[in-house]
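2 protein chains.
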Amino acid sequence: MDFQSYLEAHRARFREELFSLIRIPSISSDSAHKADMTACAERWRELLLAAGVDRAEVLPTSTSPVVFAEKILDASYPTVLVYGHYDVMPVEPLELWKTSPFEPVIENDILYARGADDDKGQSFLQLKAFEYALKERLLRCNVKFIIEGGEEIGSPGVAEFCRENKELLRADIMLVSDTSMVGAEMPSITTGLRGLAYWQIEVTGPNHDLHSGIFGGAVANPVNVLCKLIAGMTDADGHITLPGFYDDVENVSPQERAMLAAVPYDEEKYKANIGVQALCGEKGYTTLERTAIRPTFDVCGIWGGYTGEGAKTVLPSKAFAKISCRLVPHQNHEKIAQMMIDHLRRIAPAGVQIEITSMHGGESYVCPIDLPAYKAAEKGYEEAFGKRPLAVRRGGSIPIIAVFEKELGIKSILMGFGLESDATHSPNENMPLDIMRKGIKAIIGFYKHFGK
Amino acid sequence: MDFQSYLEAHRARFREELFSLIRIPSISSDSAHKADMTACAERWRELLLAAGVDRAEVLPTSTSPVVFAEKILDASYPTVLVYGHYDVMPVEPLELWKTSPFEPVIENDILYARGADDDKGQSFLQLKAFEYALKERLLRCNVKFIIEGGEEIGSPGVAEFCRENKELLRADIMLVSDTSMVGAEMPSITTGLRGLAYWQIEVTGPNHDLHSGIFGGAVANPVNVLCKLIAGMTDADGHITLPGFYDDVENVSPQERAMLAAVPYDEEKYKANIGVQALCGEKGYTTLERTAIRPTFDVCGIWGGYTGEGAKTVLPSKAFAKISCRLVPHQNHEKIAQMMIDHLRRIAPAGVQIEITSMHGGESYVCPIDLPAYKAAEKGYEEAFGKRPLAVRRGGSIPIIAVFEKELGIKSILMGFGLESDATHSPNENMPLDIMRKGIKAIIGFYKHFGK
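So the sequences go chain by chain: A and B. Residue numbering for the first sequence is 14 to 465, as defined by the working numbering. Residue numbering for the second sequence is 14 to 465, as defined by the working numbering.
By construction, these hints were calculated from the structure, which means they are not laboratory data. Any given hint might turn out to be false.
Stated by the list, open to error - If the Cβ cut is set under 7 Å, some of the chain A residues that face chain B in the computed set are: (1) G226; (2) G288; (3) Q290.
Claimed, not checked - Heads up, simulated DSS-like pairs for lysine-lysine below, C-alpha to C-alpha not over 30 Å straight-line: (4) A:K284 x A:K388; (5) A:K388 x A:K465; (6) A:K388 x A:K419; (7) B:K465 x B:K241; (8) A:K241 x B:K241; (9) B:K148 x B:K465; (10) B:K148 x B:K424; (11) B:K465 x A:K241; (12) B:K179 x A:K284; (13) B:K179 x A:K241; (14) B:K241 x A:K282; (15) B:K348 x A:K296; (16) B:K284 x A:K241; (17) B:K400 x B:K179; (18) A:K348 x B:K241; (19) B:K284 x B:K451; (20) A:K241 x B:K282; (21) A:K400 x A:K282; (22) A:K461 x A:K179.
Cβ atoms here follow ideal geometry from the backbone N, Cα and C, with glycine treated the same way.
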């Protein structure tokens, strides 16, 4: 049966299966959702078994469980390890969602829900491509799955799980659908990912909120101080001022910069899509370079003092921020994390106390485009989208990819199908069903061209 | 009957009356408490009538109602207008309160509650001093009361009420208990108050929260921008950089600076009280000067992006701050408010949109110490506390005092009895009962020495 007919015959079941994953609010950063993590892993196990694997298990890690499954066709075949994650980002601010985040809705052939793309939707494409390839006897490789529950918080238990289960996870290449393409009409494969360092800062001034009239002017205001610390981390040219920050940054070759410059990019459309009048960033680099090959400093959240209605004249006791840096090849995330901590502690003024916690982090990743598996993926995209995919570096981070390379010694092919308009990590996350169909076809194409 | 005996005879009633005011959560900045405002005004009307005024009325303004009352003894007597406010500050952060903010608790002869000092407690001292002075036939002046419900949000309806009710409010001097003293053993009368300007800023970057990996580096982050704007408002010497900000600042005479320097001040105790290791502020000025005769720039609240548990890698769409400046004599709060708005709009980078709203504000105030009413107040303190009170400028703001001066043409005597440890505007607001007793005695002393 050709794929189109198979899809039509099983459309209702496919939909119900994906919806059942989405409906479980598996938010890994919120400990209140612990039971949902296990429920979502269990649901994945059922779906993997139904798709035809030989075995599927929910295995414990130091944090959320991972789902492992395998279909061994022939010991002489190469093995593909499919990676995905069943956890999702928090959904705040809830009031900006047009639909309920955990109740999937299809409108104009677009699926709306938290996880519609990242990564329940995309992982599901892998599952369905495997199901079809197996049923149609297209596979000339063995297939293993590892679906984890902590990607959005830095995959805390997975590195250890890999170290302790090297034989179980042994494979020749990893296949991951958790990245995005340049555009719906411009398919692309991600060949580089940025790393990440993430901190929470707590600045404490006086031991309680003070009357800003009585004490104002003589006592360090922790919000003022925090703003100074953050403002001082970048200069007027958009360079990051943390001493030593650029020491290990990869010097990208003129050839690679030329390749990036060849990626079609419509600045007016890019700006209109996110609703800004002007773009800005590090001096001397283009927008695509700023988001792919250069590191960043972004505040992800800030809070302190009175945030209610009206005007409360208070000199707050505390101020908090969550800050992050995207990193590029050769920057070590643990070294950067410690540098930031040491630096902020050193420059904090005497009137406040400062606590900085390093949260999750990860290394950057680069994939060579001459691997046979990359070539197979390229052909898959071409068959599904009618165009040869571009090879591009992207700005996001999947820290665990670098961990797999280090622990298991294998490269990953990032067959992602997201679009900028998918609003991953944001309200109204979505994924067009047409792209999902093409994504499954592209992965089936990979299986056709990969293996013995 | 001497005051001590009167107090003992009526202690339970006094307590129940004050508690009945405190139990009404009259938070003026929160529109959810509209009905509480009216209830609190009504309760004041009952208590004023019970204390012996000829008439008491709850009168509407454009916002919360004011309570007006009067006791006219003789048309030839001078008239005192007592001002107080029945509204209170919000109570957040609630988790830092040791007791419920609107359920008064007395522990170790200290009353704990929101409004225990500011200004339910202090206004109540005026009421009870009037009651005793009237009953004991000590009054040689007429007494009017105006108790308003919007002081904590800048008294929005009261200026207009004054303009429209000049005859009703006609008086020779105003008496206000809404300030604090240097210390329990160091009584003082406030002879100067700072003014206030207060703004809310909203910085909008992209039209929705973005994935910080995909967009980070190329899109202005509104939290980063807000931090830069705030950080740029002060320089390394603690000077405010808003162009023109200091143009009208009063040049305080060496004599007045010497008087301030004579105020007893224990830096170690001051620091220990608020739990900081070091004080800081504008270069070239002492702590007492920084809090009394110099303007300030303080962030009262800030928020934006992800503020929940864990690490969400987001480039936020919006960032907000509530910022304030304490002002000093000759600085016009409306002029400063507009200067700030123009300045921030001018310097905001192209990648964001900025909205700034001026919230409440007020002029500073200075009271001459040769007024007969000031002399009467001085004697009152001396009789109650056993020491001649210091005349000091304080850092807080009661914007309406400057409005009364402008609209009614009268000066105010600030017979305040607060202490730094009272935690006004903060969790665990309190007032020692001993200070309350002495406060009533001091006001009775004022009545003894003031008037015909």
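Tested hints:
1. G226: Holds - the Cβ of G226 (chain A) comes within 7 Å of chain B, reaching about 3 Å at its closest.
2. G288: This hint holds: G288 (chain A) lies near chain B, its Cβ roughly 3 Å from the closest one there, short of 7 Å.
3. Q290: holds (6 Å)
4. A:K284 x A:K388: Given pair K284 (chain A), K388 (chain A) is violated - Cα atoms ~33 Å apart, limit 30 Å.
5. A:K388 x A:K465: Given that 30 Å is the threshold and the Cα spacing comes to 14 Å, the pair holds.
6. A:K388 x A:K419: holds (23 Å)
7. B:K465 x B:K241: Answer violated: K465 (chain B) to K241 (chain B) is near 59 Å, above 30 Å.
8. A:K241 x B:K241: holds (7 Å)
9. B:K148 x B:K465: At roughly 18 Å apart (the allowed maximum being 30 Å), K465 (chain B) and K148 (chain B) satisfy the hint.
10. B:K148 x B:K424: Measuring from Cα to Cα gives roughly 27 Å; hence the hint holds.
11. B:K465 x A:K241: Since the Cα atoms of K465 (chain B) and K241 (chain A) sit roughly 58 Å apart, the hinted pair is violated (cutoff 30 Å).
12. B:K179 x A:K284: violated (57 Å)
13. B:K179 x A:K241: violated (48 Å)
14. B:K241 x A:K282: holds (28 Å)
15. B:K348 x A:K296: The given pair, whose Cα atoms are some 37 Å apart, is violated under the 30 Å limit.
16. B:K284 x A:K241: holds (23 Å)
17. B:K400 x B:K179: violated (37 Å)
18. A:K348 x B:K241: holds (26 Å)
19. B:K284 x B:K451: holds (27 Å)
20. A:K241 x B:K282: Roughly 28 Å separates the two Cα atoms, so the pair holds.
21. A:K400 x A:K282: Roughly 22 Å separates the two Cα atoms, so the pair holds.
22. A:K461 x A:K179: Holds, at roughly 27 Å.
Checked against the numbered hints listed earlier, the structure breaks hints 4, 7, 11, 12, 13, 15 and 17; every other hint is satisfied.
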